[in-house]
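Asker: One letter stands for each residue in the lines below.
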Amino acid sequence: AQSVAQPEDQVNVAEGNPLTVKCTYSVSGNPYLFWYVQYPNRGLQFLLKYITGDNLVKGSYGFEAEFNKSQTSFHLKKPSALVSDSALYFCAVTDSGYALNFGKGTSLLVTP
Amino acid sequence: GAVVSQHPSRVICKSGTSVKIECRSLDFQATTMFWYRQFPKQSLMLMATSNEGSKATYEQGVEKDKFLINHASLTLSTLTVTSAHPEDSSFYICSAQLIAGPYNEQFFGPGTRLTVL
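Protein chains in written order, with the numbering used here: chain L, 8 to 119; chain D, 1035 to 1151.
The hints are simulated quantities; they were obtained by calculation from the structure and are not laboratory data. We put the beta carbon where it would ideally sit given N, CA and C, even for glycine. Don't take each hint at face value.
Simulated coverage check for chain D against chain L, where a stretch passes if three residues somewhere in it have a Cβ under 8 Å from a Cβ of chain L [stated by the list, open to error]:
1) 1054-1060
2) 1065-1077
Lysine-lysine pairs mimicking DSBU-like chemistry, simulated, CA-CA at most 30 Å apart [stated by the list, open to error]:
3) D:Lys1075 <-> D:Lys1100
4) L:Lys111 <-> D:Lys1075
5) D:Lys1089 <-> D:Lys1100
6) L:Lys84 <-> L:Lys56
7) D:Lys1100 <-> D:Lys1048
8) L:Lys111 <-> D:Lys1100
9) D:Lys1075 <-> D:Lys1098
10) L:Lys84 <-> L:Lys29
11) L:Lys111 <-> L:Lys29
12) L:Lys84 <-> D:Lys1075
13) L:Lys111 <-> L:Lys76
14) D:Lys1054 <-> D:Lys1075
15) D:Lys1098 <-> L:Lys111
16) D:Lys1054 <-> L:Lys111
17) L:Lys56 <-> D:Lys1100
18) L:Lys56 <-> L:Lys29
19) L:Lys65 <-> L:Lys84
20) D:Lys1075 <-> L:Lys29
21) D:Lys1089 <-> D:Lys1054
22) L:Lys76 <-> L:Lys29
23) D:Lys1048 <-> D:Lys1089
24) D:Lys1075 <-> L:Lys65
25) D:Lys1098 <-> D:Lys1054
26) D:Lys1075 <-> D:Lys1048
27) D:Lys1098 <-> D:Lys1048
28) L:Lys29 <-> L:Lys65
29) L:Lys111 <-> D:Lys1089
Chain L stretches covered by chain D per the calculated footprint, using a threshold of three residues with CB under 8 Å from any CB of chain D [stated by the list, open to error]:
30) 69-75
31) 110-116
Model the full assembly from the supplied sequences, consistent with the hints where possible.
Answerer: Okay, here's the thing in structure tokens:
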């Protein structure tokens, strides 16, 4: 079985400050981890993924995430938040290359 | 590359009618496509896995006779919501799987907003 936990329903951060959106996972095999962003009434946009290799993954729009096997975490980070980063963020996992299991989502609000 | 389209983007229908949603992989072939459903401010829930040339695999609790899936070609999967009711109103998102490397990555369509009156 596989699952993803995003413990925060909402994250608020001031523009220019660093942001972190948390994600922890549970899988039986090797995890393949993803972050997606969703704007209102839109589909998912891919941000970044961890498949193998370097634990620090850099993605689109200045986002990055660190794979931490011991803590089973894959937190999304950005050094300096923009108002335009305000959106719904989903963490997802699979261990089989099969369908993704999504977290419940975290709403990010960046205030000017 | 790896673009997935959905049509229509929005549809409003009367209760009891059927609605077809198309999912196309525009620049790659996809033997497997997935259909997800998303309620407002909630996560995506996998409904079914669509396999080209064979029957779809439905997740537990999803009525296969209500949500008909046809994967007619390597670039097209359709989801038909039959005898739609207001509770079927939702955001439907498809993804297409690209086979490349150790992981078969999914690419998502822009979604279809279904409103049943």
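Asker: When the structure is checked against the list of hints, which entries are broken? Sort them ascending.
Answerer: 1, 17 and 30
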